[in-house]
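First to last, the protein sequences are chains D and S.
1 is the number of the first residue of the first sequence in this note's numbering; add one for each residue after it.
281 is the number of the first residue of the second sequence in this note's numbering; add one for each residue after it.
In short, the hints are calculated from the structure, not lab data.
The beta carbon of each residue, even a glycine, is placed where N, CA and C say it ideally should be.
Please note that a few of the clues may not be correct.
What the hints assert, rightly or not - Here are some, though not all, of the chain D residues that point toward chain S, as calculated from beta-carbon distances under 8 Å:
1) T54
2) D110
3) M118
4) S121
5) F122
6) A123
7) G125
8) E155
9) S156
One letter stands for each residue in the lines below.
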Amino acid sequence: MNLHAVDQTTATATQIRRTVLEQSFRAGVGHIGSALSIVDLVAAVVHAFPTCVTEEDRRDRFVLSKGHASLAWYAALEAAGVLSREVLDSFCGDGSTLGVHPEPHTPGVDFGSGSLGMGLSFAVGTALASKLRGETSRTAVIMSDAECNEGIVWESAAFAAQHQLGGLVVLVDDNKQQALGATSGILDQSRLDERWRAFGWDVRTCDGHDVSVLSDHLRAEPTTQPRVIIAQTIFGFGVSYMERELPWHYRPMNRKQFDIAMNDIAQIDTAQIDTERDAR
Amino acid sequence: MRNIFLQTLAELAVDHSEIMFLTGDLGFGVVEQFKDRCPNQFINMGAAEQNMVGVATGLASRGFVPFTYSIINFSVLRPLEFIRNGPIAHQVPVRIVGVGPGYEYGSNGPTHYGVEDIACLRSFGGIDIHVPADVHRARAALLRDWNSPGPIYFRLSKDDKLVIPELHDATDHSGFSVLARQGDAPARTVVVCLGSSIEEGLKARRLLSRSNVEIELVCVEMINDDAITRLAAYVATYDSVVTVEAHSVRGGMGSALSEALGEHGGGRRLKRLGIQSVPNFIGTQKTLDAASGFDANGIVAAVELMTHDAAAESSR
Chain D
1 MNLHAVDQTT ATATQIRRTV LEQSFRAGVG HIGSALSIVD LVAAVVHAFP
51 TCVTEEDRRD RFVLSKGHAS LAWYAALEAA GVLSREVLDS FCGDGSTLGV
101 HPEPHTPGVD FGSGSLGMGL SFAVGTALAS KLRGETSRTA VIMSDAECNE
151 GIVWESAAFA AQHQLGGLVV LVDDNKQQAL GATSGILDQS RLDERWRAFG
201 WDVRTCDGHD VSVLSDHLRA EPTTQPRVII AQTIFGFGVS YMERELPWHY
251 RPMNRKQFDI AMNDIAQIDT AQIDTERDAR
Chain S
281 MRNIFLQTLA ELAVDHSEIM FLTGDLGFGV VEQFKDRCPN QFINMGAAEQ
331 NMVGVATGLA SRGFVPFTYS IINFSVLRPL EFIRNGPIAH QVPVRIVGVG
381 PGYEYGSNGP THYGVEDIAC LRSFGGIDIH VPADVHRARA ALLRDWNSPG
431 PIYFRLSKDD KLVIPELHDA TDHSGFSVLA RQGDAPARTV VVCLGSSIEE
481 GLKARRLLSR SNVEIELVCV EMINDDAITR LAAYVATYDS VVTVEAHSVR
531 GGMGSALSEA LGEHGGGRRL KRLGIQSVPN FIGTQKTLDA ASGFDANGIV
581 AAVELMTHDA AAESSR
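Okay, chain S solo, but in the shape it has when bound (with noise of 0.2 Å):
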């Protein structure tokens, strides 16, 4: 969804000459379209992302609407002090771009996965988290969110073909949709997703129908305190949850919903899949999601443990 982003931020760009553009030497072949169409909007920082996060909060300062661009652990990662000390102490709209979630860049070893970057931001709060789930909806919450006063960050895909058909069709809950059901027998356990972990919540919906287990898929696309209250009011209705998401179990969206579900007062079973520990071999995403436990196969576990133990505690 990179490619959309900068398309959509150009097309943008182009009647707001406040929009800059601020690359920390990374986007090869990605973020030339912006360059092509707005350079006079458009900085190449160098390596340098701590100084590229202090100057977006002075250019913000003045008036300016600067997104910072880079692979999500130099995005969030590196200059991490600069973003609580800049834009969210100054509420200033800087809007940090990190780009492949999760082991995205699978080859490319653990430098560069992208793991523990909504736990670190999560914690300074004053800055809204936006995790969409594809091309579309990327594409969306550029157009409706890039002006809003406040710091965001953008935690976006490499993946530039993908789109989940089955959100148009989802109910929006502003932050979070639920995604259609066919059939209407009961569902006990919901399954929330984070971003495009939906599609492996999707893949693993198909699986369980076959052995007619029916879930509840949620696709959270905003992190904020307010859209997980909502949502943990919403999960609270089912027996049990599983939260899905390319990042560490430890802070990430599960653990954010756990918190708010503990105060809700629910008492229900609650299960996050992620990140436990990066693995000690480098591999594709696919083979890295599986080795993790958060690809189809580890939801389908999942569900059906919870299913099972729901089933011996009443049976007792």
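So here's chain D without its partners, still in its complex pose (with noise of 0.2 Å):
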């Protein structure tokens, strides 16, 4: 991935980390944990499947089966001017058609998610219109790897590896933990990245958090076999007291959190870019 991709992936990233801080924060919801876990996940997407957030009939599809982070791709839709500023700012008002997951017929929402597992049965349904069609259009899916728990996943991806729908590619959002804890003392994931192989499925694991790698994945040339990238996340990444702390899938912020926060994440930011400029 070229320098300048890089840079522009990051500074998309920037943007839905304060976004979905600021919005959360004005909102007064939760949840925001789960979604700074996605951010660069969606930076990487839509920078690497730029077509998803457009209208045309033969774009890529893009599918947030974990419905609870919406708004990290609110944020993103937002970025990419699908969504207004003011629309945006509606987010879990009354009246709004932004929730807390994301409704269908809204713009730039191709499946309306929110009950886990279902996403990747869509998705699969889009990357089989495709290949029908002998389109070369993509189909993305961010998912928790709480969300593996449902045995649906497993139908699905049975389905997509029988099928060969090459053009499917999957993020498993692993940061390691669910609602009521971490997922190792509920239900074991640890060999995540075993079960998606013997389901006959191109397995790659990275960091999660480095949108270079994460991106080199999602454009690397599609084969048969659909992909899944089990990327390493840290559940409330960015921000100094959330990380890895589990009541921050529900707690709204208040005034003095949000303010540490917005210093936490302009930190990050700045050392995440500084690394990666580094690596080269």
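The two chains are supplied separately, each in an independent frame; assemble them into the complex guided by the hints.
So this is what it looks like as structure tokens:
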């Protein structure tokens, strides 16, 4: 991935992270840790598959299957000009079209999610449609690691491999936390990569906050195998007191917490850019 | 009516490549006629009905018209939430095809009975429920509506020979039909039958005519708010109403009509025949229908009771 593209993706991630904090603080709602967990994944997706935020028929599709992190996607849609600032400012307000989970019929939302496990199944349908039509359009999905508890995920995974849906790429937000605790103590998924491999998928594991590596995996030439990227993420990434802290699945921020959070992510974003520059 | 449905769908699919047929690994001896004619539009999804509906929703969002096929319970109840959050929430043209209403899978037992599907789907709204009464009506419904914009549920009998000649000269009210009667003696009771239950309604009419009791017969083949509202207005002109369906009495066509009739303010006497509770034994469809009291004898008994009650009331 070239330098310019990495900078652009990082800049988008920075913008999404800020918006996530600003909007969740303004609306007084939770799910902040879950949204911060996938910010870099979302930024990588919108840059790797830019047509997913357009209205073309043959465009790429995107499904946020872990719907409770919708704010990260809404922020990306605002960054892409699909949602206006005015609409975004209605997030979680009375009469708004933007709720905690992505609603059907919202611009930029291909599938209304919220019930875990359903998004992949829908995405398999759009990937199959592309294949049947002989198109090269792709379908990207972001799902959570805990979502892999749902049996339907494996119905969909088996079908996608059987039908060689190479246009399908799934990012698993592997933050190792779920609603009531660590995944290891609920339904252990430490060998998630082996499970997907056994189902016939092209499995890649990487740092879920390294947009350069994420982008490389997303942009790699499709094969006949569907691809899954097990993205090692940190729940609440970027905010010191939220990282790996379960209560931030639910809590809203107060003013003081918001100020600390904004300061934290400013430093994280600078550090991330420096690290990426050094790595080159 | 599975055969005629698949045969008709294959005819359509030859000219319309957007039609896709998805089966949950069921339909031996029936689905092959589609697969042979349109192999590229046929997918066996495996025994994975939730994914079948999810994939169908994705396909429909890309301009395809997918039909998902299984036994009623596996077509509707197993993937119920997928139907709600998928084709209904997104209003895309997925066609859910469920085979074997009521007790048609008799000796297979309660896991295979189609008892609550209408109640579930009716509570969602946003999906038309088609219940064709015979093979000709199944073909006509498919030809007419396969390409309509929203989701559809087709509730199909397994009976491939079922023909109700009386439907041909019935008066069509778009969603329900009023069957012609011989003679002009007034009928005070209307018997409203869902889909192929009209066969038992016709038998009941013959039995009742022996004791000079006339009934009006209505066959309902579509359940949505509009059709039920018009049906309620129609039956409100009779003294009493009996509904007959191979479905639970809780939430089915009879319930729908009761609600609409109640709001219509008619104050009509109404009896719902159907499945109160699934018997704790298996048997043929005929035996089980009789046990639940929605065969011809059950209809006769209900009409006689209604007639008796009405007479007692008017003599007070």
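Verification of the hints:
1. With a cut of 8 Å, the hint placing D:T54 at the interface with chain S is violated, because the nearest CB-to-CB distance is about 15 Å.
2. With 8 Å as the threshold, the beta carbon of D:D110 comes within range of chain S, its nearest partner Cβ sitting at about 7 Å, so the hint holds.
3. The interface hint given for D:M118 holds, since its Cβ lies 6 Å from the closest Cβ of chain S, which is under the 8 Å cut-off.
4. Interface restraint check for D:S121: the shortest CB-CB distance to chain S comes to about 2 Å, inside 8 Å, so the restraint holds.
5. The criterion of a C-beta within 8 Å of any C-beta in chain S is met by D:F122, whose closest approach is roughly 4 Å, and the hint holds.
6. The criterion of a C-beta within 8 Å of any C-beta in chain S is met by D:A123, whose closest approach is roughly 6 Å, and the hint holds.
7. Interface hint status for D:G125: upheld, as the beta-carbon distance to the closest one in chain S is roughly 2 Å, under 8 Å.
8. A distance limit of 8 Å between C-beta atoms decides the matter here; for D:E155 the minimum to chain S is near 4 Å, and the interface restraint holds.
9. Given hint, D:S156 at the interface with chain S, holds; its Cβ is 5 Å from that chain's nearest Cβ, closer than 8 Å.
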